[in-house]
Amino acid sequence: MSDIDTQRRQFLKTSAGAAAIAIAPGMMLYQTVRADTAAASSKVRWGMLIDTAQCKEGCNDCVTACNKENGLSGKTGATDSQWIRKIEIKDISNGHTVSLPMMCQHCEHPPCVDVCPTQASFKRADGIVLVDRHLCIGCRYCMMACPYKARSFVHETLTDQNPDVPRGKGTVESCSLCVHRIDKGQIPACAEACQNKAILFGDLNDANSEIYKKVRSAATVQIRADLQLNPGVRYQGL
Amino acid sequence: MRLLGSLLLCLCIPAALAAEANAPKLDVGKGGECVKDTQWMRKNHMHMLKHQRNETVRKGVRVEAEAFKACVECHASTSDNSVTAREDSFCVGCHRYAAVKIDCFECHASKRKEALAKKETK
Ligand code: SF4
Chain A
367 MSDIDTQRRQ
377 FLKTSAGAAA
387 IAIAPGMMLY
397 QTVRADTAAA
407 SSKVRWGMLI
417 DTAQCKEGCN
427 DCVTACNKEN
437 GLSGKTGATD
447 SQWIRKIEIK
457 DISNGHTVSL
467 PMMCQHCEHP
477 PCVDVCPTQA
487 SFKRADGIVL
497 VDRHLCIGCR
507 YCMMACPYKA
517 RSFVHETLTD
527 QNPDVPRGKG
537 TVESCSLCVH
547 RIDKGQIPAC
557 AEACQNKAIL
567 FGDLNDANSE
577 IYKKVRSAAT
587 VQIRADLQLN
597 PGVRYQGL
Chain B
-15 MRLLGSLLLC
-5 LCIPAALAAE
5 ANAPKLDVGK
15 GGECVKDTQW
25 MRKNHMHMLK
35 HQRNETVRKG
45 VRVEAEAFKA
55 CVECHASTSD
65 NSVTAREDSF
75 CVGCHRYAAV
85 KIDCFECHAS
95 KRKEALAKKE
105 TK
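Residue numbers (the numbering used here), protein chains in the order written: chain A, 367 to 604; chain B, -15 to 106.
These are computed hints drawn from the structure, not numbers from a lab. A couple of the hints might just be wrong.
Distance condition first, Cα-Cα at most 25 Å in a straight line; then the derived BS3-like pairs of lysine-lysine [unchecked claim]:
#, chain 1, residue 1, chain 2, residue 2
1, B, Lys34, A, Lys535
2, B, Lys53, A, Lys535
3, A, Lys489, B, Lys34
4, B, Lys97, A, Lys535
5, B, Lys102, A, Lys434
6, B, Lys97, A, Lys434
7, A, Lys489, B, Lys53
8, A, Lys550, B, Lys43
9, B, Lys9, A, Lys550
My request is simple: use the sequences and hints to build the entire structure.
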């Protein structure tokens, strides 16, 4: 960050909050200057491109990194949260196998959002599909609606969560594309952890980004493209 | 009229004093300068938190100084790094006194990040 930029932030930080006006006791009208991160922009569409040719069978690095980053137990029982899983698919006619990670596909038209009765499931302006746990009532409609089985329900009381990733009993959760990292300018933990560079993360709308160029030059597919949900996660070599 | 006035005064002063004496003694942690003055925060922190949570979760606007994490960072006890662990912990002490149940910490971390990181490496 440039020098001027830092100073500006400092200035805004000290003046931020000064413009909150009390309009009635207990009711506030905020006019706070937003100094830290701007709102997610709809010009951006975050996505991932997964190259199954690079993804190694038996490797679980992305899953481990996700669990660590988001504070998941790593267990895979029926009632354990899994935000990303490794799956192996086999062509039974010739025995050819491919290995790939599956997670929330961050659809442009997410069925989970359509069915959610409380608007807890929502799509952020930059295409990230999230659960607002403050509103989630744990009905699990979204889990039934998701064609990718991407969501998990938290069954047990949790303690010692990562301060960046609040999560708790009675709500549904799924891959957040590491939204807390993205907002800091970092890439998702899984993409960072993959030594084989099988996960390419980027802005699908940015003509200068690697992912933008790659989806235009290589053959990539969306899983269950027939559902016309336009997922932000794409796969190569399927 | 004057009698009534002084009677009221007599009743009110001890009540006010008593409230002050019974007020919870809180472990304010690192403390220091807050984003607002103490009295404002006592009365309005919940509105600020709720406003900020919607901005952050739904729009991605993150204001570092007003983040939930920042509250915990300053106000977690310097002895156990927590805002909820003891009777006089910053959040618990007052909420118990006011008899207002909070469920923030069912999801949010009640400890400083550094405390959690230390635990992990142990
Ligand atoms: S479980 Fe939560 S996020 Fe899912 S549909 Fe119900 S209220 Fe919405």
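Hints, verified against the model:
1. B:Lys34 <-> A:Lys535: holds (20 Å)
2. B:Lys53 <-> A:Lys535: Holds, at about 20 Å.
3. A:Lys489 <-> B:Lys34: holds (20 Å)
4. B:Lys97 <-> A:Lys535: Holds: Lys97 of chain B and Lys535 of chain A sit about 21 Å apart, inside 25 Å.
5. B:Lys102 <-> A:Lys434: Answer holds: Lys102 of chain B to Lys434 of chain A is near 14 Å, not above 25 Å.
6. B:Lys97 <-> A:Lys434: holds (14 Å)
7. A:Lys489 <-> B:Lys53: holds (24 Å)
8. A:Lys550 <-> B:Lys43: holds (14 Å)
9. B:Lys9 <-> A:Lys550: Violated, at about 37 Å.
Going through the hint list in order, the structure does not satisfy hint 9, though it satisfies all others.
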